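Peer 1: Protein chains in written order, with my numbering: chain R, 1 to 267; chain G, 1 to 267; chain V, 1 to 267; chain Z, 1 to 267.
These are computed hints drawn from the structure, not numbers from a lab. Take the hints with a grain of salt, since some may be wrong.
To spell it out: a stretch of chain G is covered by chain V in this simulated footprint if at least three of its residues, at any positions, have a beta carbon under 8 Å from a beta carbon of chain V; those stretches are [as the list claims (entries may be wrong)]:
(1) 32-42
(2) 45-55
(3) 248-258
Label-pair ranges, simulated between beta-carbon atoms [as the list claims (entries may be wrong)]:
(4) G/Leu92 x R/Thr168: 43 to 49 Å
(5) Z/Thr106 x G/Gly254: 47 to 53 Å
(6) Z/Tyr50 x V/Thr79: 55 to 61 Å
(7) Z/Asp119 x G/Glu165: 55 to 61 Å
(8) Z/Pro204 x V/Glu89: 50 to 56 Å
(9) V/Glu165 x Z/Thr106: 41 to 47 Å
(10) V/Leu92 x R/Cys263: 43 to 49 Å
(11) G/Val46 x R/Glu98: 22 to 28 Å
(12) Z/Tyr50 x V/Glu89: 52 to 58 Å
(13) R/Asn259 x G/Asn158: 44 to 50 Å
(14) Z/Gly95 x R/Pro103: 40 to 46 Å
(15) Z/Gln77 x R/Ser75: 26 to 32 Å
(16) G/Glu98 x R/Met258: 20 to 26 Å
A few chain V positions that, by computed beta-carbon distances, are all more than 10 Å from chain Z [what the hints assert, rightly or not]:
(17) Arg42
(18) Thr78
(19) Ile99
(20) Asn158
(21) His203
(22) Gly217
(23) His249
These numbers come from a predicted model, not from an experiment. Where is the CB? At the ideal position from N, CA and C, for every residue including glycine.
Protein chains: 4
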Amino acid sequence: MIGIPPAIGLRTFCSLDFQIEVETPLILMLRPRSGEKQWVVRESYVVTPYVGVCEYSDIFGNLCQRLIAPCGEFSIQTTCEAMVSTEIESPLDSGFVEIHNLPEETLAFLLPSRYCESDRFGALALEIVAGAQPGYEQAERIGRWVKNSIQYTPGSSNVPISAAEVNTRQEGVCRDLAHLGIALCRSICLPSRFVAGYLYGLHPMDLHAWYEVYVGGRWYSFDPTSGPNSGGRIAIAYGRDAADVSTFHQFGAGDILMNMDVCVEMF
Amino acid sequence: MIGIPPAIGLRTFCSLDFQIEVETPLILMLRPRSGEKQWVVRESYVVTPYVGVCEYSDIFGNLCQRLIAPCGEFSIQTTCEAMVSTEIESPLDSGFVEIHNLPEETLAFLLPSRYCESDRFGALALEIVAGAQPGYEQAERIGRWVKNSIQYTPGSSNVPISAAEVNTRQEGVCRDLAHLGIALCRSICLPSRFVAGYLYGLHPMDLHAWYEVYVGGRWYSFDPTSGPNSGGRIAIAYGRDAADVSTFHQFGAGDILMNMDVCVEMF
Amino acid sequence: MIGIPPAIGLRTFCSLDFQIEVETPLILMLRPRSGEKQWVVRESYVVTPYVGVCEYSDIFGNLCQRLIAPCGEFSIQTTCEAMVSTEIESPLDSGFVEIHNLPEETLAFLLPSRYCESDRFGALALEIVAGAQPGYEQAERIGRWVKNSIQYTPGSSNVPISAAEVNTRQEGVCRDLAHLGIALCRSICLPSRFVAGYLYGLHPMDLHAWYEVYVGGRWYSFDPTSGPNSGGRIAIAYGRDAADVSTFHQFGAGDILMNMDVCVEMF
Amino acid sequence: MIGIPPAIGLRTFCSLDFQIEVETPLILMLRPRSGEKQWVVRESYVVTPYVGVCEYSDIFGNLCQRLIAPCGEFSIQTTCEAMVSTEIESPLDSGFVEIHNLPEETLAFLLPSRYCESDRFGALALEIVAGAQPGYEQAERIGRWVKNSIQYTPGSSNVPISAAEVNTRQEGVCRDLAHLGIALCRSICLPSRFVAGYLYGLHPMDLHAWYEVYVGGRWYSFDPTSGPNSGGRIAIAYGRDAADVSTFHQFGAGDILMNMDVCVEMF
Numbered sequence: 001m002i003g004i005p006p007a008i009g010l011r012t013f014c015s016l017d018f019q020i021e022v023e024t025p026l027i028l029m030l031r032p033r034s035g036e037k038q039w040v041v042r043e044s045y046v047v048t049p050y051v052g053v054c055e056y057s058d059i060f061g062n063l064c065q066r067l068i069a070p071c072g073e074f075s076i077q078t079t080c081e082a083m084v085s086t087e088i089e090s091p092l093d094s095g096f097v098e099i100h101n102l103p104e105e106t107l108a109f110l111l112p113s114r115y116c117e118s119d120r121f122g123a124l125a126l127e128i129v130a131g132a133q134p135g136y137e138q139a140e141r142i143g144r145w146v147k148n149s150i151q152y153t154p155g156s157s158n159v160p161i162s163a164a165e166v167n168t169r170q171e172g173v174c175r176d177l178a179h180l181g182i183a184l185c186r187s188i189c190l191p192s193r194f195v196a197g198y199l200y201g202l203h204p205m206d207l208h209a210w211y212e213v214y215v216g217g218r219w220y221s222f223d224p225t226s227g228p229n230s231g232g233r234i235a236i237a238y239g240r241d242a243a244d245v246s247t248f249h250q251f252g253a254g255d256i257l258m259n260m261d262v263c264v265e266m267f
Numbered sequence: 001m002i003g004i005p006p007a008i009g010l011r012t013f014c015s016l017d018f019q020i021e022v023e024t025p026l027i028l029m030l031r032p033r034s035g036e037k038q039w040v041v042r043e044s045y046v047v048t049p050y051v052g053v054c055e056y057s058d059i060f061g062n063l064c065q066r067l068i069a070p071c072g073e074f075s076i077q078t079t080c081e082a083m084v085s086t087e088i089e090s091p092l093d094s095g096f097v098e099i100h101n102l103p104e105e106t107l108a109f110l111l112p113s114r115y116c117e118s119d120r121f122g123a124l125a126l127e128i129v130a131g132a133q134p135g136y137e138q139a140e141r142i143g144r145w146v147k148n149s150i151q152y153t154p155g156s157s158n159v160p161i162s163a164a165e166v167n168t169r170q171e172g173v174c175r176d177l178a179h180l181g182i183a184l185c186r187s188i189c190l191p192s193r194f195v196a197g198y199l200y201g202l203h204p205m206d207l208h209a210w211y212e213v214y215v216g217g218r219w220y221s222f223d224p225t226s227g228p229n230s231g232g233r234i235a236i237a238y239g240r241d242a243a244d245v246s247t248f249h250q251f252g253a254g255d256i257l258m259n260m261d262v263c264v265e266m267f
Numbered sequence: 001m002i003g004i005p006p007a008i009g010l011r012t013f014c015s016l017d018f019q020i021e022v023e024t025p026l027i028l029m030l031r032p033r034s035g036e037k038q039w040v041v042r043e044s045y046v047v048t049p050y051v052g053v054c055e056y057s058d059i060f061g062n063l064c065q066r067l068i069a070p071c072g073e074f075s076i077q078t079t080c081e082a083m084v085s086t087e088i089e090s091p092l093d094s095g096f097v098e099i100h101n102l103p104e105e106t107l108a109f110l111l112p113s114r115y116c117e118s119d120r121f122g123a124l125a126l127e128i129v130a131g132a133q134p135g136y137e138q139a140e141r142i143g144r145w146v147k148n149s150i151q152y153t154p155g156s157s158n159v160p161i162s163a164a165e166v167n168t169r170q171e172g173v174c175r176d177l178a179h180l181g182i183a184l185c186r187s188i189c190l191p192s193r194f195v196a197g198y199l200y201g202l203h204p205m206d207l208h209a210w211y212e213v214y215v216g217g218r219w220y221s222f223d224p225t226s227g228p229n230s231g232g233r234i235a236i237a238y239g240r241d242a243a244d245v246s247t248f249h250q251f252g253a254g255d256i257l258m259n260m261d262v263c264v265e266m267f
Numbered sequence: 001m002i003g004i005p006p007a008i009g010l011r012t013f014c015s016l017d018f019q020i021e022v023e024t025p026l027i028l029m030l031r032p033r034s035g036e037k038q039w040v041v042r043e044s045y046v047v048t049p050y051v052g053v054c055e056y057s058d059i060f061g062n063l064c065q066r067l068i069a070p071c072g073e074f075s076i077q078t079t080c081e082a083m084v085s086t087e088i089e090s091p092l093d094s095g096f097v098e099i100h101n102l103p104e105e106t107l108a109f110l111l112p113s114r115y116c117e118s119d120r121f122g123a124l125a126l127e128i129v130a131g132a133q134p135g136y137e138q139a140e141r142i143g144r145w146v147k148n149s150i151q152y153t154p155g156s157s158n159v160p161i162s163a164a165e166v167n168t169r170q171e172g173v174c175r176d177l178a179h180l181g182i183a184l185c186r187s188i189c190l191p192s193r194f195v196a197g198y199l200y201g202l203h204p205m206d207l208h209a210w211y212e213v214y215v216g217g218r219w220y221s222f223d224p225t226s227g228p229n230s231g232g233r234i235a236i237a238y239g240r241d242a243a244d245v246s247t248f249h250q251f252g253a254g255d256i257l258m259n260m261d262v263c264v265e266m267f
């Protein structure tokens, strides 16, 4: 429960530049928390010009920041230094947890959600996992299938599309591949949750998304857009899908985000 | 905060009969809780044959029951007697609450969800509420528009369809009309949540669904399938949409629900 | 996680009669919830005359009822039928859970609280458990020591006294013995929580109190005032000690509770 | 709800040096969170040598850090830069909130707790507040009474003593004065909570404790050990009393904390 060895230190930098015409309420998720898989050593969150910000925890425990962006130029700069694992674990023998033995907090991640219509993927999922051991091996098959079947094309979708649309288009951004993986896993009773965060070595560098599957009593990471076992991740927020964890949510019309810059390095 | 006068007493009865071929895990939401709008005087929850049941609260505070339905005939019978309001309140002057003043627990109900793609309804919603006072009056316009535009046809959809599909089909069951109302409200920054429950006088009698909108510092009920102001409601569960509050969720394949019987009367 | 066999059915009845001179706010805890150890089949909660009641969950998940008791005669009558275990489990081999492996939700039950000054009992506890296997056996030694050292005298204390005072007086009511057991357990890092509820066969019949200790990954019941292994319990509320779970808490002066009647029978 | 103007920037530094003979589990509360009264711009939390740390939120929403301190020299250094108010507000006209109108989350702060035996202070409190307007003015009278009656003597108590003992001794550290203020407030139905944190200008510099009282729909700060209205505070943790929010809690015997250094400056 405690500790993340072998660990490396990652340093992230994220900057958002806005051009605001009308005072605009924003909800942001840009402050990583320490958890079982990461220890935040140092972080900063600077808004310029300075305006009052109110922080709260949402129903999933993510830290959210609420503020009213003032007219004119407005920017947010966050940094984080955290200790994280060098590798994703791949315990092929982690077994399926029967529905009636699942911890209560995992059950919400069995149900369909905005971008993961798991209620429509049962047949496909069964086909993909045919012959696999229930549990981690099923999840691994699904992850591999998504990786092989869907073309990872950064920039290919601007607004989130749902798992069903991803499956039709056969290509997508990291978020889209995660949604499809989640929908498939949930359809065979594997609790599955969406993660927004940073990945070391991502190219082109950007905020990233992947997902976790609950097997053998723990949450394991899957990322159909990266190489196998690639660790070096800092999670910013967890949710049922991208609708729960948008990095920034703007209330009111107009394009206000002018530029976003992300950087992840080792220290 | 306390008290529901003028109140009437409602007595509900709900029975589910299953025919089970393979032991099947079920999650049910059939136990109403007391809250600000209802006081549960008496209730019962009987499973036959008796099997162990485990109850927990989900992330929205709903009571959920987990059990493994045994092979053969299996039934669940619940009853409830509760004091509730005779009328839905309609405070036309309840104003819009600015995003930055919304209580944290309402914010989850501003975002799109599985069946309520509020991110796609902004233009339509603005058209519907044109000229209305921000707040209750907007919500009222939306409720009226849904009632007038979408044909309420009990039995018209077996699986939930999303707000966008409802809007295309122009007809739906109570759940569908609620989803559309919610999507429209959220698209103009009115927090809106789905309610599953009982409605006195519903015809044909069944479990029912409506929604609540947060204006003027409180949640107000809207029901596009019933007459104006019709009270006589017992809420069973709240959520972002029907995906959060299914009365019963079965894991595994096969039609197992043979019969469902609902009855609501005054006492 | 699911199921309570071998189970028996218990039926409880609790009535409180008040004589009120000035409108008095009350907070009550009289509605048992279903949980891992009990399944509530049927329950009722009647206030006479009828006044609005508002129910909420406290930080421990207990259902609390808030109301304003009106002038004159006022009564509350609750009943409950629940399936519960016939026996308390006594798994002597359930081991000590290292602090760093304890689930987060148990940690609050390691700290001192109003009536359990665990910070003052370390030396005594170590003496009592000398030679015992860490875990259940330690808890069992402490329970036995309390049973043997402190005279259980129903009616001997009207206001709660703390564990230290109980230890000095060498006698107490069920609540007092539970407080001492809890303080001793916590002082050697066994998470320990207070339970208010009903016990079948208690003599004289009354509301009862006992405690639970977390070892081997679960909460086990201990009751220094009853015979060994005596099951037949319905929990109403959990907390750190009696300060968290008073059956009724009255705001304002004056003796208003005239009579309380409790009954527990098998069905 | 959002914003803390007029705000100043405070920079804190806290270092703990341990000398450990046996691996020792620790729970710490040393990471301030952003909230309505403070915005954390930058913070760091360094353990040397590096060991895995696990962070979680307790029942009050405080961030807690769990780790196993290794043998030998071990140190923890935290820093924080936050925007906070320059002044405590003193709204003399903020009224008493009737019990039945109190938000649910305040109710836990009406009850007695480990070091605040509010059940024993009713008579004294009524005497102190005689003639005051219900609400803020009562709280202000109590704060002033504590300040005038109890000698603030840094270093006068090493282990926490309860409000009753403080009242007898007539002197205490900041924690003791806060406990007495809390006990008095709760005894007249003013919800009151303990705050551990930093105070700019405190002499001698150390971690500090004060309390907040809920009147007129908000929590207001009171600090009987500082001058009137002195702002410049960063809260680290909230609780019912010091038992809930110890800066560090060590499991197992032995003095391990060798040195603690605290510094607060403006930036």
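Peer 1: All the hints need checking, so say for each whether the structure fits it.
Peer 2: Each hint tested on the structure:
For the stretch 32-42 of chain G, the assignment as covered by chain V holds, since 8 residues bring a beta-carbon within under 8 Å of that chain's beta-carbons and 3 suffice. For the stretch 45-55 of chain G, the assignment as covered by chain V holds, since 8 residues bring a beta-carbon within under 8 Å of that chain's beta-carbons and 3 suffice. Check result for the stretch 248-258 of chain G against chain V: violated, 0 residues qualifying (beta carbon to beta carbon below 8 Å, three or more required). Distance hint check for G/Leu92 and R/Thr168: the Cβ-Cβ separation is about 45 Å, which falls inside the suggested range of 43 to 49 Å.
Separated by about 49 Å at the C-beta atoms, Z/Thr106 and G/Gly254 satisfy the suggested range of 47 to 53 Å. Separated by about 58 Å at the C-beta atoms, Z/Tyr50 and V/Thr79 satisfy the suggested range of 55 to 61 Å. Distance hint check for Z/Asp119 and G/Glu165: the Cβ-Cβ separation is about 59 Å, which falls inside the suggested range of 55 to 61 Å. Checked against the hint of 50 to 56 Å, the C-beta distance between Z/Pro204 and V/Glu89 comes to roughly 53 Å, which is consistent with it.
A hinted range of 41 to 47 Å is violated for the C-beta pair V/Glu165 and Z/Thr106, which are about 30 Å apart. Remark: the range hint 43 to 49 Å for V/Leu92 to R/Cys263 is contradicted by a beta-carbon distance near 57 Å. Checking the proposed 22 to 28 Å range against G/Val46 and R/Glu98 shows it holds: the Cβ atoms sit about 25 Å from each other. Judged by the Cβ atoms, the range 52 to 58 Å given for Z/Tyr50 and V/Glu89 is violated: they are separated by roughly 41 Å.
Our hint of 44 to 50 Å for R/Asn259 and G/Asn158 holds, since their Cβ atoms are close to 48 Å apart. Range check, Z/Gly95 to R/Pro103: about 44 Å between beta-carbon atoms, so the 40 to 46 Å window is met. The beta-carbon spacing between Z/Gln77 and R/Ser75, approximately 30 Å, falls within the hinted interval of 26 to 32 Å. Evaluation of the 20 to 26 Å hint for G/Glu98 and R/Met258 yields a pass: the beta carbon distance comes to about 25 Å.
Interface exclusion of V/Arg42 from chain Z stands, the closest Cβ pair being 27 Å apart, more than 10 Å. Distance check on V/Thr78: its Cβ is at least 20 Å (rounded) from any Cβ of chain Z, clearing the 10 Å threshold; non-interface status holds. Against the 10 Å criterion, V/Ile99 falls within the reach of chain Z, whose nearest CB is about 4 Å from its own CB. Every CB of chain Z is more than 10 Å from the CB of V/Asn158 (nearest about 12 Å), matching its label as outside the interface.
Against chain Z, the non-interface label of V/His203 holds: every CB pair exceeds 10 Å, the least being about 29 Å. Every beta carbon of chain Z lies more than 10 Å from that of V/Gly217, the smallest distance being close to 18 Å; the non-interface claim holds. Non-interface call for V/His249 relative to chain Z: violated, since the shortest CB-CB distance, roughly 7 Å, does not exceed 10 Å.
Taken one by one, the earlier hints fail for this structure at numbers 3, 9, 10, 12, 19, 23, listed in ascending order.
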